[in-house]
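J.: Spelled out, the chains give:
There are 2 protein chains.
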Amino acid sequence: MENLRQYLFAPRSVAIVGQSDDPAKTAGRPLKFLRQMGYAGRVYPVNARRERVLGERAWPSLAALPEPPEHVYIVTPTDAAVAAVEDCGRLGVKVATVLADGFAEAGREGLAREARLRAACAGSGMRLVGPSSLGVVDLRSKAMLTANAAFDETELPVGRIFAGSHSGSLIGALLTRGKARGIGFAGLVSVGNEVDLSLGDVCAATLDDPGIDGYMLFLETMRHAEALRRFALAAAQRNKPIIAYKLGRSAAARELAVSHTGALAGEDDVADVFLKSCGIARVDTFDGLLEGLPLLARVPATAGGRKRVGVVTTTAGGATMVIDPLASRGVTIEPASPATLARLSAAGIEVKPARMVDLTVAGARYDTVKATLDILLTAPEFDLLLVVVGSSARAQPEATVRPIIESAGAQKPLAAFIAPDAPAALAALSRAGVPNFHTPEACADAIAAALSRRPPRSSFASRPDVGGRDQDPHEGASGRVLDELAAGALLDRLGIARAPAVALDAGIAPAPSLPFPYPVAVKVLSAEIPHKSDVGGVALDVADGTALVTAIRDIGARVAERQPGVRVARVLVQAMVAGLGEALVGYRVDRDVGPLVMVAAGGLFTEIARDRSLRLAPVDLAQAREMIAEVRGLLPLAGYRGRPKGDLDGLARAIVALSRLADDLAIAEAEINPLIVRAAGDGVVAVDALVKLAGNA
Amino acid sequence: MENLRQYLFAPRSVAIVGQSDDPAKTAGRPLKFLRQMGYAGRVYPVNARRERVLGERAWPSLAALPEPPEHVYIVTPTDAAVAAVEDCGRLGVKVATVLADGFAEAGREGLAREARLRAACAGSGMRLVGPSSLGVVDLRSKAMLTANAAFDETELPVGRIFAGSHSGSLIGALLTRGKARGIGFAGLVSVGNEVDLSLGDVCAATLDDPGIDGYMLFLETMRHAEALRRFALAAAQRNKPIIAYKLGRSAAARELAVSHTGALAGEDDVADVFLKSCGIARVDTFDGLLEGLPLLARVPATAGGRKRVGVVTTTAGGATMVIDPLASRGVTIEPASPATLARLSAAGIEVKPARMVDLTVAGARYDTVKATLDILLTAPEFDLLLVVVGSSARAQPEATVRPIIESAGAQKPLAAFIAPDAPAALAALSRAGVPNFHTPEACADAIAAALSRRPPRSSFASRPDVGGRDQDPHEGASGRVLDELAAGALLDRLGIARAPAVALDAGIAPAPSLPFPYPVAVKVLSAEIPHKSDVGGVALDVADGTALVTAIRDIGARVAERQPGVRVARVLVQAMVAGLGEALVGYRVDRDVGPLVMVAAGGLFTEIARDRSLRLAPVDLAQAREMIAEVRGLLPLAGYRGRPKGDLDGLARAIVALSRLADDLAIAEAEINPLIVRAAGDGVVAVDALVKLAGNA
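Sequence order for the protein chains is U and D.
Take the working numbering: the final residue in the first sequence is number 697, and no numbers are missing along the way.
Take the working numbering: the final residue in the second sequence is number 1697, and no numbers are missing along the way.
By construction, these hints were calculated from the structure, which means they are not laboratory data.
Backbone N, C-alpha and C fix where the C-beta goes; we use that ideal spot for every residue, glycine too.
Careful: at least some of the hints might be erroneous.
Unchecked claim - The following label-pair restraints were derived from C-beta to C-beta distances: (1) Ala1024/D / Gly184/U: 34 to 44 Å; (2) Ala569/U / Gly1642/D: 21 to 31 Å; (3) Ser1345/D / Gly107/U: 10 to 20 Å; (4) Gly184/U / Glu1109/D: 48 to 58 Å; (5) Asp505/U / Pro1353/D: 51 to 61 Å; (6) Val158/U / Glu1109/D: 56 to 66 Å; (7) Gly184/U / Ala1629/D: 42 to 52 Å; (8) Pro1353/D / His531/U: 26 to 36 Å; (9) Ala1251/D / Val361/U: 21 to 31 Å.
Said to hold, decoys possible - Simulated pairs of lysine-lysine, DSBU-like, Cα-Cα distance not exceeding 35 Å: (10) Lys532/U / Lys1645/D; (11) Lys1352/D / Lys32/U; (12) Lys370/U / Lys1179/D; (13) Lys1025/D / Lys370/U; (14) Lys1532/D / Lys1645/D; (15) Lys1370/D / Lys32/U.
Chain U extracted, bound-state conformation (with noise of 0.2 Å):
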């Protein structure tokens, strides 16, 4: 829609359906902000049983004003918002934001009141904001549509972030919470269930406005992930920053999401890898949020990733505040060079070769911290420089915080955190743009998720039939599994190695003569059964033909006990293979973010211990590596502690050979478990492989 910004955040016309006489009520709220913020545009109460609304005259109806408003809020009941937006598409309105719940997350009922929206929508080209939504709201526009009871203020600073919230309480959080530091917004939406305008969609309508330079996002799911990243893409060719806090670290939260918004709620490493793809710093500290981006809009999202933070101070202790919570996120504390002493040295300043430039014994002076910031604000060894100052920062903050705003030019980012309560010294360093915080944790988390940050991926696997599509977390879709040989044909088109094997009639007798030595192994061979283990499908160490008659008819009469109705047809006869260790590479298309890639060591272990690594599908070879990288399980097969390295190229190629079937629309999941890695340069072997075909395929 052209001009969707203008009718979101500036319109010209707006109406409140529902609007209380009563400030205190909820939908009372409205039109008390847009007056007392002072909004310039025509505004029209809508209120069925009043001809008078806060002083106002009320109209009885949408039909009954002598325009189509350019943006209507809707704060009635559930049953009258359905039937209010029905009528805001039959009249032309632009947009319609709704309060109301009772959808997506009120069972099937809610779900047909949805599909009303949806159809409101569709038959007039009419955009929808919520359900569930506390409102829009620009702050230069004073288009105050929500109803937050936060927003019931006067003096609210207007700065240049755009904040995006599922969380409708949230936007009255981050606007108290930003204004109380001195933090301001262009706008903020919090976009409720997201029936037509996913958070992406509002967010990219903003992309162009000049009043913007970054974005906060408040996130309870991964719903509608696609639009999040086609927003992430064009924001980032603009160089328009994005913070976000998710919720969702534990199975609680993921939970109570589920049973709040009505959406499907992913595991969190699935979103932790969604938003990185996307160049979203993802934070993990409410006030990293809050006080993150001015580091964003500091540190390049350069493709390196490299994570080497210098630390000076005159508080050691306060320094190692932020320093352990840093290290623990895996960013380097890097000492000062040698050349970097020597250099501080030279200009008097004399500090012990350590992790971090301690000013105590060389004393908190103007001078001394000034030239001890240009020194290293200099050195090639940082990647970014951290400042902790003691209580000199509240007590001579010409002496210590002076020098770092004089500081804020480097082409070096710097942030500051400051041990002591010292408000006027932050205000200060936020007025010269030195990104500051408030906590030891936010300082640290924010620097990390900067560090971390890299440019968006640039090309990602098309798939229209998820991310962006309706939900229903009352259906569950699932497809056909191959059977084993089959799934054996498929990683054989991809290029991954497998054990030699052949099926076999399960009524064979005697043994037939096989294409590899003895000992084998057994496996039943059924789509109908893909956990063979589980019903003593699966027969190992087979030595030789009179044996292997013997596991056939032991397998076929176990899985006959425990998987009554199910007859043991064929098995699959496969060389055992040897290796240094085993890994387990999987695929599947997830529900939220499309494809995905996943490597583990396999084992149980893996499963408790939760150490795997994903990647959004296809990866290429140094990502893939870099994935091996990141699971622990896999460091033996890497050669820690003197043991022989496994074919570690071999296993990235698997990853990189498993992930293109994110081309291939027929499949829905697949796993190789296990995937034998032999000795550097004996290449990998798939010995068990469970396929599953998409639903519609």
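Following the hints, put chain D in place on chain U, whose structure we already have.
T.: For chain D alone, kept in the frame of chain U given last:
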């Protein structure tokens, strides 16, 4: 020392040695602070080169004073400080506090200076704080013996908390951040290098101060753990809670602690276990430290470790911000029971059955919130109730904050987090005694710490040689290693079963008859070779007598090649033992905290993932079972996913048995690896053990 508390915190007379005439200088601060706060005792500035400082008479030396001051703060450079301490000792000063650094952290020369300080104390009965102490402060007596610039204020709120810190800068951070949120202190101390009085000693001196209700500790090391323990146990008896933040979660931070303080840094999980054994609640966030004590005071340190938190909220997104880190820390988010939901429903409050009680639909009105709190605070399924309020806390505090305040007296612990910025609401909650938090992370941190706290252990292994002793980081102590035969005898004594074995002369041929069947394992038997596999000193699955002779000869050859100079005189021949899995059980005397017992799953992954459980030794059977449950890698032996169960009771008994080495002063370390775990009821069998004697044994 009698009256140590008075001499430290309420001295009748003080001297400042090295007091400068320039109040902007570090050495100029103490007198300034004493005067501007209005300290009422006698003050003697000592300055050898000036007759007056800051407008007052200065004394040329300590010897020239009309009386020995009770407490002397020495703010001169290092060498003069040592001399001043010696003067203090001679003159009968009760307590000297030293600002200068240049002691343990400065190598052998610094250690020699420390020895002089100690001698001065020992010879006189004087006690010493520091060196590297930024001071000792009592806000009631106004004894501002500090050079920390953050104390340069006249309006400092007096409270009932005592803060003890290894870091000098951090007492300023605690003071000012506390002041900003209305948290006052009774006193604060920066203990520096703890040459005489340790952090535990200083805190212990305040235990009977009726103006102190609880303790806030900022720890950099576990040095002088024994004194900390004594203090913690005495504090628990007086029902005065202790909350602690300890640096060193990351290796980088631990390294910094070494270079900064000269202390050796222990492993972080050792600190965890030690603090827990003392009943000290450890938090991970700085705000959690500052804001956590009121909650600790409400949550009894009951033995059960019951961790079921109920959540009620007007903002599902805001509540989930707290739930996410809470659940990640192992706290159970407990849904309201059917009975509780029925009570809510009977009161007209309709909420969906879910993990949290979400009042969004019911509405954030006073009556609703009050009735909900009344019901939830008497619901037996919750050990603690968390209330998370959204924008209404700011806009309509009478609706959502007042009912919380009115619930302050409830028997069930209550904690509040407010999503928007709401300083007035937080202040009101604090005044009413409702624990509340500024960030979701600090809220989760403090709740998890409070619910994890246990009463201190009542008995500890007595080890006069650890914890309280002086440490010289430049020295290492190492004791003799027992050969495997002697180690086996120790296991026999402890009652831990081991694989049958015989020692053979390495030159033996032919093989003698063995008291157990083949196949066997052969291992080089030498106290000089603790890591037998590394030198090719092990052969497994040796099938018969001929193979045994060959294996012994091969071992001799490999060891001769890889460890020249060690002659293989004897080997141990051992029965091969099969089981369902294995474990590693270890014992060692930690330099800081004393005897420790450890269990892990063994193998490479244990090492890579640091998947282990530690306790102070000795442990009882219940503790040993708890340890086993903490090791993820032992889950398979617990019957995970239908696996056969291992004899975890046998493993627990072995842990208990090994932990009894705490009574044996001769043993410094013992490790059984592997300890084979057989099927439930069949016991555990040690296959290899490494025992190291104490350095003096």
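J.: Tell me, in ascending order, the numbers of any earlier hints that this structure violates.
T.: none
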